[in-house]
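Q: Based on the provided sequences and hints, a complete structural model is requested.
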Amino acid sequence: MKADARAPAGETVEALDARVPFRFPREMVVSLLVLAIAWEILSKFAPPFVVPSWGRIARSLMTLRADFVAITLVRVAGALVLSFVLGLGLAIAMYLSTPIERYGRPVVRLLMAVPVVCWILFAVLWFKWVEVRIAFVLIVVCGPVFLVDFLDGMRAVPKDLRDMLWSFRPTRVQLFAKLILPATLPVILTSWKINLSLAIRVVTIAELVGAVTGIGYGLVVAQELFSVAEVFAWTLVLVAILFVAEAVVSRIEERALRWRV
Amino acid sequence: MTVAEAIEVSGLRKTFHQAGTGAAVLAIERLDFVIRRGEMVAIVGQTGCGKSTFLNLLIGLDRPSAGRIAIDGKTPYDDFASFRGRLAAVFQQDRLLPWRSAVDNVRLPLELLGYERGEQLERARTWLERLGLERFAGAYPHELSGGMRQRVALARAFALQPGLLLADEAFGHLDEVTSAALRQTFVEIARREGNTAVLVTHQLEEAIEMGDRILVFAKPARLLADISLRRWPSAELPGLRAMIQRMLQTNEPDPEIRRREETSR
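Residue numbers (the working numbering), protein chains in the order written: chain A, 18 to 278; chain B, 3 to 267.
Don't read these hints as lab results, they were simulated from the structure.
When the alpha-carbon atoms are kept at most 27 Å apart in a straight line, the in silico DSS-like pairs for lysine-lysine are as follows: (1) 195(A) with 210(A); (2) 176(A) with 221(B); (3) 176(A) with 76(B); (4) 176(A) with 195(A).
Computed footprint of chain B on chain A, listed as stretches where at least three residues anywhere in the stretch have a Cβ under 8 Å from a Cβ of chain B: (5) 172-182; (6) 191-197.
A virtual CB, placed ideally from N, CA and C, is assigned to each residue, including glycine.
A: Encoded structure:
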């Protein structure tokens, strides 16, 4: 037997052991520190417009516009929520209707095959407003990823579990709420992780073209002013946003999927 | 509340079509029998003889190709929703939802039926206690042993207090000690609750131990024998066991069993 008498009522030894205390990420800190030191050494020998020192980058960081960061984050968050809702809705429609899936799949494949740069060009050609352009690009890039992941996740729900639940005669809504969605949750969270990093990269490129706010625009300005330190500073901000966003999703994942072995 | 069901099976036939080739595979050739209320009926047969297919038809997961299967006059497939809360199944694998704790798995059918949360929890905890799992109510399935998980699955079925209980090789994959204990628990509770029970098994011992009646299926499924165990004194059970084994090997009815069953009717 896996559970034994050491566990208090309602809990097992494994559940208690699962509460691992916080572990300092030593390896990550060490490797990043080594990289930072190497960079600093390199900056002593290379000209500042090629490899700026950490001091220069830090000074540039202080001058960056915080509102640009906030604007980019709002754009990413808004577009991801919209993509998620659209992706989930269409995936459920495809799951429930074979004709919708048969006709819809090729369209989704086509959308996914179009390079991001082409979408940005289409957005510039088709839409007048910058916010619409950016939202369009993000949704058309991230939406299909959510859709395909959800659909595959729903299809992967074991037939055994579906038959078990079906034997209790649930309504269709109950089948989704009690089985399909919880079973697909790991896929949904992985999809969020993928789309977060994808969206942050795509929004920056989209902001390079036509936007007058946001991190992408900040990068364009820095490049036009030949301020390499500022380009690096913006890059650091983007990397930090990605790290934090992934850490947040991982934390949610840890809590939501604590039932996993 | 327990309303036991009567099951009528007449001219039942089921064929499947193989994916790709489209070739028809006969799973159930023809079945005709009746299961009375409160009976505990064991179905035995070779592996792949259509026992589980029959159970799926009984649960309403699949539609017969021909003939009829009815519980209290209603067909489980066509009158699907009318069986809400009236039947529960225990399968070979526990089929617990891995993201739900033991108590949450047990209360699942009650949740689907719209019971108030307090009542769901109370009933679920009562059944876990009756099956000796009160200390593990908060444990996730992966934290429990195979036997404990199967007990949770049994608690889930019993918590619904259904009229009809179906078990598909529910004890076969466990070690003998655990399996025997669970079989005993199942029979005790099912009798106390007055359930009609249909048990599919490939283990003859299990069928003889648990059933009031044994239906022996040929491969593909047709009825080789319908044996009422109360007509067979324990001294004659070894002989009966040998006759059933012979039937399963030859795929033909046994004249001695047929004569005996017909005489006693």
